[in-house]
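So the sequences go chain by chain: X and D.
Quick note on numbering: our numbering labels position 205 of the first sequence as 211, and the sequence is numbered without any gaps.
Quick note on numbering: our numbering labels position 88 of the second sequence as 90, and the sequence is numbered without any gaps.
Check the hints yourself; a few may be wrong.
In silico DSS-like links for lysine-lysine, alpha-carbon gap of 30 Å or less [what the hints assert, rightly or not]:
#1 X:Lys193 - D:Lys122
#2 X:Lys185 - X:Lys39
#3 D:Lys60 - X:Lys41
#4 D:Lys77 - X:Lys86
#5 D:Lys77 - X:Lys208
#6 X:Lys183 - D:Lys58
#7 X:Lys190 - D:Lys82
#8 D:Lys82 - X:Lys183
#9 X:Lys39 - D:Lys60
#10 D:Lys114 - X:Lys86
#11 X:Lys39 - D:Lys114
#12 D:Lys77 - X:Lys126
#13 D:Lys82 - X:Lys208
#14 D:Lys61 - X:Lys39
#15 X:Lys132 - D:Lys154
#16 X:Lys190 - D:Lys71
#17 D:Lys122 - X:Lys39
#18 X:Lys183 - D:Lys71
#19 D:Lys77 - X:Lys183
#20 D:Lys146 - D:Lys60
#21 X:Lys185 - D:Lys146
#22 X:Lys190 - D:Lys60
#23 D:Lys58 - X:Lys185
#24 D:Lys154 - X:Lys202
#25 X:Lys132 - D:Lys146
Residues on chain X that point at chain D, a partial pick, calculated with CB under 8 Å [to be verified]:
#26 Gly42
#27 Ile50
#28 Leu69
#29 Asp122
#30 Asp125
#31 Leu131
#32 His133
#33 Gly140
#34 Leu164
#35 Gly166
It should be emphasised that the hints constitute simulated quantities derived from the structure, not laboratory data.
Here a beta-carbon is modelled for each residue, glycine too, at the ideal position from N, C-alpha and C.
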Amino acid sequence: MAKRAAPEVNAGSMADIAFLLLIFFLVTTTIEKDKGILRSLPPIDDSEVEPPIIKQKNLFTILVNRQDRLFVEEEDMDIKDLREAAIDFLDNGGGVNAEGESCDYCQGKKDPASSDHPDKAIITLKHDRETSYGRYIEVQNELVAAYNFLRNREAQRLFGNRYPNVDNVFQAMLDEKEKNQFNKDEKLNADIQRIKEMYPLKLSEAEPDKS
Amino acid sequence: MSKFKKKKGGDLPAISTASLPDIVFMLLFFFMVATVMRDNTTMVENTLPAANQIEKLKKDRTMFIYAGKPSDQYKSTYGKEGRLQINDSFVGLESVQPAVFEYIATLPEELKDRIVVGLKVDEGTNAGLVSDVKQELREANALKIMYVTAQKQDE
Chain X
7 MAKRAAPEVN AGSMADIAFL LLIFFLVTTT IEKDKGILRS LPPIDDSEVE PPIIKQKNLF
67 TILVNRQDRL FVEEEDMDIK DLREAAIDFL DNGGGVNAEG ESCDYCQGKK DPASSDHPDK
127 AIITLKHDRE TSYGRYIEVQ NELVAAYNFL RNREAQRLFG NRYPNVDNVF QAMLDEKEKN
187 QFNKDEKLNA DIQRIKEMYP LKLSEAEPDK S
Chain D
3 MSKFKKKKGG DLPAISTASL PDIVFMLLFF FMVATVMRDN TTMVENTLPA ANQIEKLKKD
63 RTMFIYAGKP SDQYKSTYGK EGRLQINDSF VGLESVQPAV FEYIATLPEE LKDRIVVGLK
123 VDEGTNAGLV SDVKQELREA NALKIMYVTA QKQDE
């Protein structure tokens with residue numbers, strides 16, 4: 007019945023245990039960041055207004071059939087040529103826009119048989135119900151790439167001196183906007199808007215035929 | 003010889019490591035709290051297509067819709083056709099709009115009209131299913147969508 011003092015527990019290995027747990031959580035944590043292609047859908051329009059007539063030359067029709075084959079302006083095309091073709095079409099600037107201005111920043115061929123102005127140039131995408139989603143995203147990606155290429159070129163020309171060591175000026179501007187989202191930079195936003203309006207994203211998607 | 007050395011006589015006292023566990027626990031708690039476990043399991047095959055012209059997704063206002071073929075353990079019940087999954091169950095097209103409204107109701111006031119719908123669709127799915135979903139979203143007036151993709155390396 008001798009009362010002994012409890013021996014002190016050695017806490018020296020506690021750090022080891024905690025480290026073990028820490029390393030486990032460090033390894034298992036994946037900070038996942040989802041990325042993707044952002045799109046706005048057109049709102050549903052019930053009004054009975056006649057849609058304006060669009061000249062055939064201002065339309066760039068892409069059709070993806072059920073075998074995932076690509077037809078651009080009714081001609082068979084390979085996916086890797088699509089970006090180039092879309093850039094040529096958008097950048098053509100063969101005529102004038104709705105305000106009667108000709109496209110002074112376009113560097114295309116000014117072919118009168120192709121699009122008048124980036125403002126008027128519309129890409130229409132139609133796919134079959136059985137087209138695979140992977141192919142559909144590939145096409146979307148190429149089209150976004152075409153717009154990004156043109157926007158970046160103009161950003162480089164207009165604001166390139168502000169970002170001397172950057173390859174992709176337009177992306178750099180967007181990144182800066184993202185970084186300063188809590189103190190809004192009006193001028194930067196206006197510049198981004200200006201670039202976007204030079205090459206407005208006009209993509210119309212037709213409903214696949216119900217069969 | 004130097005006047006600095008005079009002060010210290012013997013050995014350096016050992017640095018106490020008694021607070022080391024506290025520091026490590028602090029880090030541990032930080033990571034435990036910051037770790038987000040996946041909140042829903044996908045019941046469909048979900049290999050995302052790759053793209054390189056991509057933007058970041060703002061998670062605080064995003065609702066996800068999954069689509070693809072049912073994964074192996076559901077194949078017998080749900081067949082092999084592409085199906086939609088919202089939250090934790092297979093749903094039909096008619097449930098898309100109610101689900102969107104339900105999600106909007108949980109959003110804070112300032113984000114309610116900025117909802118983004120993330121479409122996580124398997125690359126082998128028919129694009130027709132996706133366009134049906136988009137039609138439903140248009141009717142629900144949730145017009146911002148994002149095709150969630152994987153990162154594709156440039157050439």
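| request: Sort out which numbered hints this structure fails and list those numbers smallest first. | output: Of the numbered hints, 1, 4, 5, 7, 8, 10, 12, 13, 16, 18, 19, 28, 29, 30, 31, 34, 35 do not hold.
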